[in-house]
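*Asks:* One-letter residues, chain by chain:
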Amino acid sequence: MLIELLIGLCLLGALVVFTLPDRYVPTAALTASLFPLVTSFVMLAGFDASGNAFLGGELAYETTVRWIELAGLTINWHVGLDGISMPLLVLTTVLTTLAILTAWTPIDARRSQFYGLVLFLEAGLLGVFAVLDFFAWLVFWEAVLVPMYLLIGIWGGPRRKYAAIKFFVYTNVATLVLFVGFFALVFGLGDSISSLDMPAIAQALRNDQLGSLGGVAPGTIKLAAFVALFAGFAVKVPLVPFHTWLPDAHVEAPTPVSIVLAGVLLKMGTYAFLRFNFTMLADVARQYAQLIALLAVVSVVYGALLALAQQDLKRIVAYSSISSMGYVLLGLVAYTVYGVGGATFQMISHGLLSGLLFACVGVIYNTTHTRMVGDMSGLADRMPITTGAFVAGAFGYMGLPFMSGFAAEFFVFRGAFGSPTIGSPLLTAVAMFGIVIVAGYLLYAMQRTLFGEFRLDTDYEVGRARLHDAVPLLVLLAFTIAIGSAPDLAFGMIREAVGPLVEGVS
Amino acid sequence: MAAFDYAPAIAVLPLASFVIALVAGRYMPKGGAFAGILATGGSLVLSAWMAFAVAGGDTYNESLYTFVDAGEELSLHLGVLIDPLSAMMLVIVSLVAFLVHVFSLGYMNDEGETGLPRYYAGLGLFSASMLGFVLADNLFMAFMFFEMVGLCSWLLIGFWFRDAAPPSAAKKAFLVTRFGDYFFLVGVVAVFATFGTAAFAGAESFPTIAEEALAGGSEGAGGAAVTTFFGLDPGAWFAVIALLILGGVIGKSAQFPLHTWLPDAMEGPTPVSALIHAATMVAAGVYLVARIYGFYALLPTVLAVVAFVGGFTALFAATMALVKNEIKQVLAYSTISQYGYMMLALGAGGYVAATFHLMTHAFFKALLFLGAGAVIIAMHHGEDMWEMGGLRKKMPVTYWTFLAGSLALAGIFPFAGFWSKDEVLYEALVHGLNDPLLLGAYAMGLAAVFVTGFYTFRMVVLTFHGKPRSDVARDPHGVGWNVKFPLVVLGALAVVAGFLNMAPVAELTGLHVDYLHQWFVGPLEATSLETYEGLIEERAGYEAAELSPLLPAAVSLALALAGAGLAVVLYRGAEPTEHTDRLGSAKRVLASNYYQDEYQVWLAEGLTARVARAADTFDQGIIDGVVNGTGSVSLLSGSRVRRIQTGVVSNYAALLTLGLVALLVVLGVTGGWF
Chain A
482 MLIELLIGLC
492 LLGALVVFTL
502 PDRYVPTAAL
512 TASLFPLVTS
522 FVMLAGFDAS
532 GNAFLGGELA
542 YETTVRWIEL
552 AGLTINWHVG
562 LDGISMPLLV
572 LTTVLTTLAI
582 LTAWTPIDAR
592 RSQFYGLVLF
602 LEAGLLGVFA
612 VLDFFAWLVF
622 WEAVLVPMYL
632 LIGIWGGPRR
642 KYAAIKFFVY
652 TNVATLVLFV
662 GFFALVFGLG
672 DSISSLDMPA
682 IAQALRNDQL
692 GSLGGVAPGT
702 IKLAAFVALF
712 AGFAVKVPLV
722 PFHTWLPDAH
732 VEAPTPVSIV
742 LAGVLLKMGT
752 YAFLRFNFTM
762 LADVARQYAQ
772 LIALLAVVSV
782 VYGALLALAQ
792 QDLKRIVAYS
802 SISSMGYVLL
812 GLVAYTVYGV
822 GGATFQMISH
832 GLLSGLLFAC
842 VGVIYNTTHT
852 RMVGDMSGLA
862 DRMPITTGAF
872 VAGAFGYMGL
882 PFMSGFAAEF
892 FVFRGAFGSP
902 TIGSPLLTAV
912 AMFGIVIVAG
922 YLLYAMQRTL
932 FGEFRLDTDY
942 EVGRARLHDA
952 VPLLVLLAFT
962 IAIGSAPDLA
972 FGMIREAVGP
982 LVEGVS
Chain B
6 MAAFDYAPAI
16 AVLPLASFVI
26 ALVAGRYMPK
36 GGAFAGILAT
46 GGSLVLSAWM
56 AFAVAGGDTY
66 NESLYTFVDA
76 GEELSLHLGV
86 LIDPLSAMML
96 VIVSLVAFLV
106 HVFSLGYMND
116 EGETGLPRYY
126 AGLGLFSASM
136 LGFVLADNLF
146 MAFMFFEMVG
156 LCSWLLIGFW
166 FRDAAPPSAA
176 KKAFLVTRFG
186 DYFFLVGVVA
196 VFATFGTAAF
206 AGAESFPTIA
216 EEALAGGSEG
226 AGGAAVTTFF
236 GLDPGAWFAV
246 IALLILGGVI
256 GKSAQFPLHT
266 WLPDAMEGPT
276 PVSALIHAAT
286 MVAAGVYLVA
296 RIYGFYALLP
306 TVLAVVAFVG
316 GFTALFAATM
326 ALVKNEIKQV
336 LAYSTISQYG
346 YMMLALGAGG
356 YVAATFHLMT
366 HAFFKALLFL
376 GAGAVIIAMH
386 HGEDMWEMGG
396 LRKKMPVTYW
406 TFLAGSLALA
416 GIFPFAGFWS
426 KDEVLYEALV
436 HGLNDPLLLG
446 AYAMGLAAVF
456 VTGFYTFRMV
466 VLTFHGKPRS
476 DVARDPHGVG
486 WNVKFPLVVL
496 GALAVVAGFL
506 NMAPVAELTG
516 LHVDYLHQWF
526 VGPLEATSLE
536 TYEGLIEERA
546 GYEAAELSPL
556 LPAAVSLALA
566 LAGAGLAVVL
576 YRGAEPTEHT
586 DRLGSAKRVL
596 ASNYYQDEYQ
606 VWLAEGLTAR
616 VARAADTFDQ
626 GIIDGVVNGT
636 GSVSLLSGSR
646 VRRIQTGVVS
656 NYAALLTLGL
666 VALLVVLGVT
676 GGWF
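Heads up: the protein sequence lines correspond to chains A and B, in order. The numbering of the first sequence is my numbering, which starts it at 482 and goes up by one. The numbering of the second sequence is my numbering, which starts it at 6 and goes up by one.
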């Protein structure tokens, strides 16, 4: 019942915050977000699961309730956690709480609605990671879009309407595509499944129970469904060339929204990749592993090159996310413990590190009212804490050992290099060159903005960060160092869940 | 053995001083300097204890911390390997780090400097990272600390961040070495994929498995289980791995063509330069090759590359030092050149020669940098040698110790550098007589001896002799005990360290005075000198020619004296003139560092940045243009027929469906991809 409690607490918090007057809302929202945060850590402490949720593993906090009967298919309320979803759940609660803190400074209009939507968003995200029945899963998947659309569209920058509509339409169309793909599979499976239970569907597909549909052979259906699902999730990840909504959304979104967007929302895409494309349709994924790896490498290198060309700090971080998500895909398609496990670990790590960098950029923006690299220099003297956090976060992002980014990337590289599915290590070696480009653009940005003589074209008073601005930076830093120095804190449970997926792949 | 239980503390102590300086430095006197001095002093004592234990015949090779627990094959560990090599290096690193901390009391505090806690925190972390690197028992851990060293160099080179140049130099140092580290990282991953382990020593270590695989291969029987890639046979694939790892070495040890970061790194405080050049970052590369020498010794092609890169860099960098006007620049290029000698020795099969030179160089180069630091204090932070002159009488302690260091650098008998450089050249020669490539490397190394003698004494004479050429030089700033003490310690070492290993004397007289050779024999078989010598002969096929050490030593000494003598003759006198101007256009090439910076800057800014901008234009114009074009077309048509929402969606859907169809066609056509 803890998962229901978790989601319920978020919704309840959202309701309470919606009704409160603006004055009390920041504190109230923070308090409200602490309940799910604590609950998620209680769940983490008591976490006891083995195996993969989609492959018949033992789940933690599982609930199955018969819900709706529809055209011969049962729809259940089925939730449960395995080692892949548990850390993502914790990531969500942690980042939401910190995002709420970072909102204290910049958000001063319609506060109760803002914080309420953030908590509502949290509920949707938690649902995506915890729900195991397709119907409810899709509901949560779509439910995330609405608060995100509003958060960008109302509290965003000058071009917020454009960015919000682009985000909404693009991801909504993607949902349509993946929906069609998934239902092709459901109809193809016919009588061999009796519900929309995703683990059951996954196992039926893996047992080759897919029949032909309207004269189309099962193999073709599988391939078509794979492509549809892949395209649908690729928008969310985002993967090149479906990525152009992301920089626009990030640039217009206020800092706290960027943190959740980069930190958690993108992981919906990679999480769905893992569960659908790489678990349910693993044979197709393995067959086209080299093509998929090629897409991953393109995302890594192309995304990094784009980041190199940017002058807006937020755009730099936004494009770097595309690059980092490429590593996730590379790890997933490797089908090794380190590959898939590293990809999952990278989801967590990137959530923390991109959150940290966005938070730093946010603090700088709140103070200087600009994000352009050329508009400022020498901030280090006046913003020592922010500078320290920025430097640490940037090096973490570059893969500094004893921070989470290094562990994640090393796992992915190690898993992909000798991967039986990708075959040649050349693609991995090319992808690894991303570690040089990332150092290039982050060091360049830091040199220009933080160091040198102090100069600020926007003429605002620059002072030290306030406590509620500094806390999220330090907390995120602590988390990245903790799981970077002792990766087993997260990787232990991830490995449990990944094991069955990669077993016997050669 | 109890001593080794304290081994991790060697790295943990400076780490603690990093944390203390960072958190509490601003409340402590001198910004937390004393925490650093105590910590590195403690590391020095512990390192000496380790060395004694090793001298007593003990070694230690244990995994201490499981980084990732993924079953037998896949787990990643951090551990400690203490054998003669690491014990020696621990002493060197902690000694130099300790002296640099002490020296910093005088160098940094005389300036009313802000940010001292950050400085001492950086020094602490730098020492900790390097000591962790030296202690590492596997390649994965070594890579981790290798990267930490890179971070620390960035922090300290860019210490004076308010000026424009230091942050830029720091960025360059990190980027250039990161470029090398990319190859190293691919190498680490390849080692795991090939051998399933990255341990340095023991039955389950990758050098041992590699040797077994090659032995099995040559006998036609199935060797140990290794996975090779690209269809290469084990020998060729191992060579690829060794070259990949060498990429990291070339970056950190500033070998051609990745040496360009090092002269720029002079923007950091001078004590930091001493630390970087003598004992930490730059030494890390060469140490790594020595650490896995059991792997390199199997691969003659790679050894030849190492030797040739080393010999070339030794000469190449030395020539650039000829025309520099700033004292630290001369020293910077001499560092590149001297590490070239170490690489030459390693490539030529001279394991002891290389590590010996690593040690003596650490002492005399730390000495020279700290001496230069004392001069720079005296000159009120002026570095131009043409502004100096006549400092000999004003600062005798600095002069005499600097002279000892210079004699060692030039390789003049009987100073430390003579013995080690001579052994490097001797090893290159005896193995080179049977191998023209090696002989070429030797020739370059030998030519560099003359150049080294010249630039070293050009520096000494211009700085200390003649008459003061500026007002500051007439009335230099005094230096305190904290500057003199490290100079005296290192000065003494620059004189006597060579006596640790008088190989030519041992060979000629039969006396056992080649103590370092004995030090490296045993006790851990996998890293024993005897094992390496066996591998060099059997696997790499190196043959040493019979040759008396006397003549080669005489030749190199004569060259060094000639170079030094020429410089003294040309530059002595009250008003020296710049004689290198006679080189004409050659001087312009040298002063421009052979235009190495230009092409690398072009690669980074001209090429990569241009490609990035082109990608950005493509992204905004084409990819996003298609997306937006579809969107606006549909919005427009939608508004006409009042179906805005569905209009957008249907057009997007149409676009995506088209894309999917295209993708499906591609998939169908290329069915069996690759």
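Derived by calculation from the structure, the hints in this document are not laboratory data. If you're wondering where the values come from, they're calculated on a predicted model, not measured in any experiment. We put the CB at the ideal spot given by N, CA and C, even for glycine. Just to be clear, a hint being listed does not mean it is correct.
[Unchecked claim] On the chain B side, residues computed to face chain A include the following (Cβ under 8 Å):
| hint | residue |
| --- | --- |
| 1 | F57 |
| 2 | S173 |
| 3 | T232 |
| 4 | L237 |
| 5 | L612 |
| 6 | A614 |
| 7 | I628 |
*Asks:* Would the stated hint for B:T232 survive a check requiring a Cβ distance to chain A of less than 8 Å?
*Replies:* The hint holds - B:T232 has a Cβ within 8 Å of chain A, the shortest such distance being about 6 Å.
*Asks:* Return the status of the interface hint for B:L612: holds when the least beta-carbon distance to chain A is below 8 Å, violated otherwise.
*Replies:* violated, 12 Å
*Asks:* With chain A as the partner, please determine if B:S173 meets the hint condition of a C-beta pair closer than 8 Å.
*Replies:* holds, 6 Å
*Asks:* Is the interface hint for B:L237 satisfied, with its Cβ closer than 8 Å to some Cβ of chain A?
*Replies:* violated, 12 Å
*Asks:* Could you check if B:F57 really has its C-beta closer than 8 Å to a C-beta on chain A?
*Replies:* Given a least distance of 31 Å, the restraint on B:F57 is violated.
*Asks:* Is the interface hint satisfied for B:A614? The criterion is a beta-carbon contact with chain A at less than 8 Å.
*Replies:* holds, 7 Å
*Asks:* For the hint on B:I628, just tell me whether its beta-carbon gets within less than 8 Å of chain A.
*Replies:* OK, holds: B:I628 within 8 Å of chain A, min 5 Å.
Consistency with the previously given hints fails for numbers 1, 4 and 5, ordered from lowest to highest.
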